[in-house]
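Undergrad: Numbering that gives the first Met the number 0 puts the first residue of the sequence shown at 0, with every later residue one more than the last.
Since the hints were made in silico from the structure, they are not lab data.
Check the hints yourself; a few may be wrong.
[As the list claims (entries may be wrong)] Derived Cβ-Cβ restraints for the label pairs, each shown as a range:
(1) ASP186 to ASP28: 31 to 37 angstroms
(2) ASP158 to ARG180: 33 to 39 angstroms
(3) SER80 to VAL137: 40 to 46 angstroms
(4) ASP28 to LEU181: 20 to 26 angstroms
(5) TYR167 to LYS55: 37 to 43 angstroms
(6) ASN194 to ALA95: 23 to 29 angstroms
(7) THR195 to ASP126: 37 to 43 angstroms
(8) ASP140 to TYR167: 29 to 35 angstroms
[To be verified] When the alpha-carbon atoms are kept at most 35 angstroms apart in a straight line, the in silico DSBU-like pairs for lysine-lysine are as follows:
(9) LYS30 to LYS175
(10) LYS175 to LYS55
(11) LYS175 to LYS146
(12) LYS146 to LYS30
(13) LYS146 to LYS4
(14) LYS146 to LYS200
(15) LYS36 to LYS179
(16) LYS175 to LYS74
(17) LYS171 to LYS187
(18) LYS175 to LYS144
(19) LYS74 to LYS124
None of the values given here were measured: they were computed from a predicted structure.
Built from N, CA and C at the ideal position, the CB exists for glycine as well.
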Amino acid sequence: MQAPKTSVVILAGGKSERMGFPKPFLAFDEKRTFLKKITEEYTYFGCNSIVVVLNKDLFVDRNRKYIESISGNIKVILNDSPELGRFYSLKLGLSAIDNTSYCFLQDIDNPFINRDLLETIYQNKIDFGYTVPYYINVSADIEIKIKGHPILLSNMVVDEIKNIPNNYLSIKDVLKQFLKRLIEVSDKNILVNINTQAEYKSLFDSEPHEPEELFSCS
Numbered sequence: 000m001q002a003p004k005t006s007v008v009i010l011a012g013g014k015s016e017r018m019g020f021p022k023p024f025l026a027f028d029e030k031r032t033f034l035k036k037i038t039e040e041y042t043y044f045g046c047n048s049i050v051v052v053l054n055k056d057l058f059v060d061r062n063r064k065y066i067e068s069i070s071g072n073i074k075v076i077l078n079d080s081p082e083l084g085r086f087y088s089l090k091l092g093l094s095a096i097d098n099t100s101y102c103f104l105q106d107i108d109n110p111f112i113n114r115d116l117l118e119t120i121y122q123n124k125i126d127f128g129y130t131v132p133y134y135i136n137v138s139a140d141i142e143i144k145i146k147g148h149p150i151l152l153s154n155m156v157v158d159e160i161k162n163i164p165n166n167y168l169s170i171k172d173v174l175k176q177f178l179k180r181l182i183e184v185s186d187k188n189i190l191v192n193i194n195t196q197a198e199y200k201s202l203f204d205s206e207p208h209e210p211e212e213l214f215s216c217s
C-alpha cells in the first residue's frame with residue numbers, strides 16, 4: 000500500500016551488551032540482518048521516510064557491508080551519546096524527518112514486523128495522539144491485554160517530542176500526556192523483544208550470528 004507522508008524511526012542506538020553481538024546485524028535468515036528485514040517491511044508498506052538511529056560505535060568497516068545492504072529511501076543517523084537512552088535516540092531520528100503526518104516507532108529487537116500489522120495500525124491512526132497495538136493473552140480463563148510494538152505517532156506528537164529540551168526522559172513517560180488509542184491485533188509477535196542470547200536462540204534455534212550471505216545491493 001501507499002502511506003502518504005508516513006515515516007518510521009528505527010531505534011538501533013544501544014550497545015547490545017546483553018546480546019554480545021550488535022542486534023542490528025543479527026541474522027534474521029541466511030541473507031538478511033534484523034535491520035534489513037525491518038527496513039524492507041516498512042519500504043513495502045509504503046513509508047516515504049525511513050530513519051535508522053545507529054550507535055556510532057557500530058559504524059565501522061566490519062559492519063559497513065550490513066549498512067550498505069539496506070536500500071531505498073533510508074537515512075542512517077549516528078548516535079554519539081547512546082548512554083542518554085532511547086528518548087535521545089528518538090529525538091535524533093525525528094529531527095531527521097520533515098513533513099510527516101504519522102511516524103512509526105520501531106525497535107531493532109523485534110524483526111517480526113510485517114506489512115499486514117503495519118496496515119492494521121495505520122488504519123486505526125488518530126490525528127492528535129498515538130496508536131498502540133495489544134495482544135490478548137488468555138491464562139486460567141483470564142484475558143490480559145498486553146501492549147506491544149510498533150506504535151504510531153501523529154504529527155502533533157512528533158512535533159511536541161522534537162521540541163522537548165530535556166534528553167533524560169523515558170518515552171513512556173512523555174507519551175502519557177497524549178491521547179492513546181489501543182487496538183487489538185491477533186499477531187503475538189508484537190510482544191517479541193530480543194535482548195539476550197537465550198531469547199535469540201529460543202526463536203531462531205541457533206546462537207546469535209551474522210547472515211551467511213546478503214542480497215547484493217541494487
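Undergrad: Holds or violated: LYS146 and LYS200, Cα atoms, limit 35 angstroms.
TA: holds, 24 angstroms
Undergrad: At the C-beta level, are TYR167 and LYS55 separated by a distance inside 37 to 43 angstroms?
TA: violated, 19 angstroms
Undergrad: Against the 35 angstroms threshold, does the CA-CA distance of LYS175 and LYS144 hold or violate the hint?
TA: Holds: LYS175 and LYS144 sit about 18 angstroms apart, inside 35 angstroms.
Undergrad: Just to be sure I understand the hint, the distance between the Cβ atoms of ASP140 and TYR167 should be within 29 to 35 angstroms; is that true here?
TA: The hinted range 29 to 35 angstroms is violated for ASP140 and TYR167, with Cβ atoms some 43 angstroms apart.
Undergrad: When you check the alpha-carbon spacing of LYS36 and LYS179, does it fall within 35 angstroms?
TA: holds, 28 angstroms
Undergrad: Between ASN194 and ALA95, does the beta-carbon spacing fit 23 to 29 angstroms?
TA: holds, 25 angstroms
Undergrad: Has the given pair, LYS175 with LYS146, been kept, meaning a C-alpha gap of at most 35 angstroms?
TA: Holds, at roughly 14 angstroms.
Undergrad: Assess, step by step, whether the Cα of LYS175 is no farther than 35 angstroms from the Cα of LYS55, and give holds or violated.
TA: holds, 30 angstroms
Undergrad: Is the straight-line distance between the alpha-carbon of LYS74 and that of LYS124 35 angstroms or less?
TA: holds, 24 angstroms
Undergrad: Are LYS146 and LYS4 close enough, with their CA atoms no more than 35 angstroms apart?
TA: holds, 25 angstroms
Undergrad: Are ASP186 and ASP28 spaced within 31 to 37 angstroms by their CB atoms?
TA: With Cβ atoms ~19 angstroms apart, the hint is violated.
Undergrad: CB of SER80 to CB of VAL137, is that within 40 to 46 angstroms?
TA: holds, 42 angstroms
Against the hints set out earlier in the document, violations occur for numbers 1, 2, 4, 5, 8, 9.
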